[in-house]
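First to last, the sequence lines map onto chains P and D.
So the first sequence is numbered by UniProt numbering: it starts at 1 and just counts up by one.
So the second sequence is numbered by UniProt numbering: it starts at 1 and just counts up by one.
Since the hints were made in silico from the structure, they are not lab data.
Beta carbons are placed, not taken as given, at the ideal position from N, Cα and C, and that holds for glycine.
Don't take every hint at face value.
Claimed, not checked - Calculated cross-link-like contacts (lysine-lysine; reagent style DSSO-like; alpha-carbon spacing at most 30 Å):
{"no.": "1", "chain 1": "P", "residue 1": "K7", "chain 2": "P", "residue 2": "K24"}
{"no.": "2", "chain 1": "D", "residue 1": "K235", "chain 2": "D", "residue 2": "K201"}
{"no.": "3", "chain 1": "D", "residue 1": "K24", "chain 2": "P", "residue 2": "K248"}
{"no.": "4", "chain 1": "D", "residue 1": "K228", "chain 2": "D", "residue 2": "K164"}
{"no.": "5", "chain 1": "P", "residue 1": "K29", "chain 2": "P", "residue 2": "K7"}
{"no.": "6", "chain 1": "D", "residue 1": "K2", "chain 2": "D", "residue 2": "K29"}
{"no.": "7", "chain 1": "D", "residue 1": "K29", "chain 2": "P", "residue 2": "K25"}
{"no.": "8", "chain 1": "P", "residue 1": "K164", "chain 2": "D", "residue 2": "K293"}
{"no.": "9", "chain 1": "D", "residue 1": "K164", "chain 2": "P", "residue 2": "K210"}
{"no.": "10", "chain 1": "D", "residue 1": "K7", "chain 2": "P", "residue 2": "K164"}
{"no.": "11", "chain 1": "P", "residue 1": "K248", "chain 2": "D", "residue 2": "K25"}
{"no.": "12", "chain 1": "P", "residue 1": "K7", "chain 2": "D", "residue 2": "K201"}
{"no.": "13", "chain 1": "P", "residue 1": "K24", "chain 2": "D", "residue 2": "K164"}
{"no.": "14", "chain 1": "D", "residue 1": "K2", "chain 2": "P", "residue 2": "K7"}
{"no.": "15", "chain 1": "D", "residue 1": "K201", "chain 2": "D", "residue 2": "K228"}
{"no.": "16", "chain 1": "D", "residue 1": "K248", "chain 2": "P", "residue 2": "K24"}
{"no.": "17", "chain 1": "D", "residue 1": "K24", "chain 2": "P", "residue 2": "K164"}
{"no.": "18", "chain 1": "P", "residue 1": "K2", "chain 2": "P", "residue 2": "K24"}
{"no.": "19", "chain 1": "P", "residue 1": "K248", "chain 2": "P", "residue 2": "K293"}
{"no.": "20", "chain 1": "D", "residue 1": "K228", "chain 2": "P", "residue 2": "K164"}
{"no.": "21", "chain 1": "D", "residue 1": "K248", "chain 2": "P", "residue 2": "K25"}
{"no.": "22", "chain 1": "D", "residue 1": "K7", "chain 2": "D", "residue 2": "K25"}
{"no.": "23", "chain 1": "P", "residue 1": "K210", "chain 2": "P", "residue 2": "K248"}
As the list claims (entries may be wrong) - To spell it out: a stretch of chain P is covered by chain D in this simulated footprint if at least three of its residues, at any positions, have a beta carbon under 8 Å from a beta carbon of chain D; those stretches are:
{"no.": "24", "stretch": "4-13"}
{"no.": "25", "stretch": "150-159"}
{"no.": "26", "stretch": "181-189"}
{"no.": "27", "stretch": "236-249"}
Protein chains: 2
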Amino acid sequence: MKLGIPKETLAGERRVATTPEVAKKLVAKGFEVLVEAGAGVAAHYRDAAYTEAGVQVVERDACFSADLVLKVRRPSDDEARAVRSGSVYISLVEGCGDDPLLSRMVENGVQVLAMERMPRISRAQSMDALSSQSNIAGYRAVIEAASHYGRFFPMMMTSAGSAKPARLVVLGAGVAGLQAIATARRLGADVLAYDVRPETKEQIASLGAKPIELDLGESGAGEGGYAKELSDEAKARQQQLLGDELAKAHVIITTALIPCRPAPELITTEVVERMRTGSVIVDLAAANGGNCKLSEPDQVIDHQGVIIVGHTNYPSMVPADASAFYAKNLSNLLEIMVEPSDSGPVLRDLTEDEITAAMLIAR
Amino acid sequence: MKLGIPKETLAGERRVATTPEVAKKLVAKGFEVLVEAGAGVAAHYRDAAYTEAGVQVVERDACFSADLVLKVRRPSDDEARAVRSGSVYISLVEGCGDDPLLSRMVENGVQVLAMERMPRISRAQSMDALSSQSNIAGYRAVIEAASHYGRFFPMMMTSAGSAKPARLVVLGAGVAGLQAIATARRLGADVLAYDVRPETKEQIASLGAKPIELDLGESGAGEGGYAKELSDEAKARQQQLLGDELAKAHVIITTALIPCRPAPELITTEVVERMRTGSVIVDLAAANGGNCKLSEPDQVIDHQGVIIVGHTNYPSMVPADASAFYAKNLSNLLEIMVEPSDSGPVLRDLTEDEITAAMLIAR
C-alpha cells in the first residue's frame with residue numbers, strides 16, 4: 001500500500017504530513033512511503049533524512065497516484081483533481097457546510113477523511129490534529145507576545161531597580177489556551193484566564209493562573225467539549241464585565257474559536273483604547289474574524305500604542321514539532337484504517353469504525 | 001538646573017534616556033526636566049505621561065541648551081555640535097581609542113561622561129548601564145531564539161507523542177549570558193554554558209545549567225571582571241574542544257564581547273554545518289564581528305538550514321523596560337553629580353568622585 005505525501009502549497013505553510021522518524025515506522029509496518037522532493041525542507045526535514053528512513057523521494061505526480069494521499073492543509077483545486085478514484089485522501093479539509101470541492105472528490109470515487117472531524121473520544125485522542133496543533137499554537141502565541149512586548153514577562157530585581165511581572169490574560173481555556181497559560185507561567189508572567197465553560201476553572205487554577213469569573217446567566221458549554229455560541233444578551237454582558245479585566249491587562253492571548261462560526265468578539269475597540277501603551281494582543285482567532293474587533297488576519301497593527309498580532313498559522317511557525325505531532329496523529333489513525341496481510345497492510349471498510357466513519361466526507 | 005532629553009536619532013533605536021516615573025523623581029529633587037516631544041513614543045511613553053510627571057515637553061533645540069544633556073546612544077555630528085559650552089553631556093558614547101567627535105566636544109567646553117566607562121565597583125552598580133542593558137539583551141535573545149526555533153523549548157508530553165527539550169548552549173557567562181541561561185531554563189530548555197573565566201562555573205550551575213569545561217592551558221579572566229583576549233594557541237584549542245559541544249546544540253546564544261576588540265570567533269563555519277537543520281544561533285556580538293563566523297549584523301540568515309540571527313540592538317527590542325533601567329542608572333548617577341542648594345541642585349566638581357572621574361572623556 002502506497003502513501004503519498006506531497007509538499008504543501010498554501011502560502012506560508014511550512015508543515016509536512018510526515019517526518020523521517022514517523023515514516024521509518026510506517027515503512028517497518030509494510031507501507032511504501034512516497035514523499036515529494038523538498039516537501040520537508042521548510043519544516044527542517046531534508047530529503048536525505050527521508051531517504052535514510054526508507055522513504056522514496058519522488059516527483060509531485062507520484063504522490064498523487066498513491067493509495068492514500070496524506071496532507072496537512074485543505075486541497076487546492078489542482079490537488080483535489082489529482083487524487084485518483086479509488087484512493088483515500090486525508091488532511092485538515094477546512095470546510096464548513098456545503099463544500100463543492102470535497103463533494104466532487106467524493107463523486108470521483110475518493111474517500112475523503114477530514115482530520116478536524118476527529119471525534120472527541122479517548123480512543124481518538126492520539127489522532128487528534130486539532131488538539132496537537134492547538135497545543136503548539138498556544139505555546140508559540142506566548143513567544144510571539146513576548147517578542148512584541150516592550151517589557152519583561154518575569155519579575156526582575158536588578159541593581160537598576162525592579163520590573164513587575166507582565167499581567168497576562170488568556171481568553172479561552174481549550175488546548176491552545178491551557179498551553180498559553182502554562183508557557184506564560186513558565187516565563188514568569190502573572191496569568192489570569194477566562195472561559196465561558198465553568199468546568200475549566202479547575203484546570204486554569206492547576207496551571208498557576210487565576211480564573212476570571214463572570215456571571216452571564218447562562219453557560220457556554222457545548223457538545224463534545226467545545227464551546228457553544230452565547231445568546232446576544234449574554235454576549236453583551238460578557239463584553240461589559242470582561243472589559244475592566246482586559247483594560248488592566250498588559251498582554252492578552254485570545255483563543256476563543258467556535259468551529260464553523262465567526263469568532264466571538266471579546267475585545268472591543270473601546271477596551272483596546274483603555275489599555276496601557278505598549279500592551280500586546282495576540283489573537284489566535286484572527287482567521288475567523290478575530291476575538292478582537294481590530295485584528296487583521298496576517299498583520300501586526302499598532303492601534304494607539306497597542307500592538308495587535310493577527311498571525312493565522314502559529315503551528316507553521318514551529319514547523320518541525322508541528323509536523324512531527326501531525327505525522328504521529330496520522331500514523332495513529334492509519335493503524336485503525338488497515339489490517340496486516342501477507343502482501344502488506346490492506347485498507348479496512350472505513351464506515352465500520354466510529355472514528356473513520358465520523359471523519360468521512362459524505363457525497 | 002535643566003536636564004535636556006532629546007529623542008534618539010540612530011536608526012532603529014527605540015529607547016529614551018528618561019521615563020515619566022524617573023522624571024517625576026528628578027523634578028521632585030529640584031531638576032527642571034525637558035523632554036523632546038515624541039522622544040518616548042517608540043518606548044511606549046507618551047508625551048502626556050511626561051507632562052503629568054511635571055516634565056516640560058519641548059522642541060528639540062531646547063533640550064540641547066540644557067545644563068545636562070542626557071542621551072542613550074553616541075551623539076551624531078549634529079548633536080555633538082548642538083551641546084553648548086559649559087554643559088555636561090552623558091550617554092553611551094561608544095568610542096574606542098582616538099575619537100575626534102568627542103575630543104571636539106571636550107575642546108568646546110563640554111564635560112562628556114561615557115556611561116560605558118562606569119567603574120565596576122559596588123558603589124557604581126546601580127548606575128551601570130552596560131550591565132542593565134546586557135541583562136535585557138540576555139532575556140530578549142532567548143525570546144528571539146525561541147521565535148526562530150522550529151521546535152518547542154520545553155519537554156512536551158502529549159497524546160500525539162512527546163518532544164525532547166531543546167539543547168541550548170550559552171557562550172559567555174557575563175550579565176547577558178547569565179540572564180540568557182535563566183530565561184532559557186524558565187522556558188524549559190536543557191542549558192549548557194561556557195565561559196573562559198573559571199570562576200563563572202558556580203554561577204552557571206546555580207542557575208540550573210551545566211558548565212562546559214575545557215582545558216585551555218590558560219585563564220581568560222581579565223581586569224575588572226571582564227574577559228581578556230586569549231593567546232592564539234589557546235583560541236585554537238578552545239575552538240576545537242568547543243566544536244563538538246556546539247555541533248550537538250540545537251540553540252546557541254553567544255555573548256562573548258571584549259570591549260573595544262573584535263569579538264572572539266567561537267563558532268566556525270565547519271561547526272555550523274555539523275549542526276542539525278533548524279538549529280538557531282543568536283549572536284549577541286554580531287555588531288563587533290560576531291562570535292559566529294557567518295553572522296551578519298542586523299540580518300537573519302539561513303546557512304544550510306541553520307538560522308543565524310545577527311540583531312545588534314536587543315535592549316531596543318524591549319524599549320519600555322530598557323529605558324526604565326537606563327533612566328534609573330542615570331538618575332542614580334545624577335545623585336552623586338550634584339549637591340542640593342537653596343536654588344536647586346548644583347553641579348559638583350566631576351573630577352573629585354572616582355566614578356565621574358573615570359567616566360570623563362579627556363581632551
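(message) Hint compliance check: list the failing hint numbers for this structure, sorted ascending.
(response) 4, 7, 8, 12, 14, 20, 24 and 27
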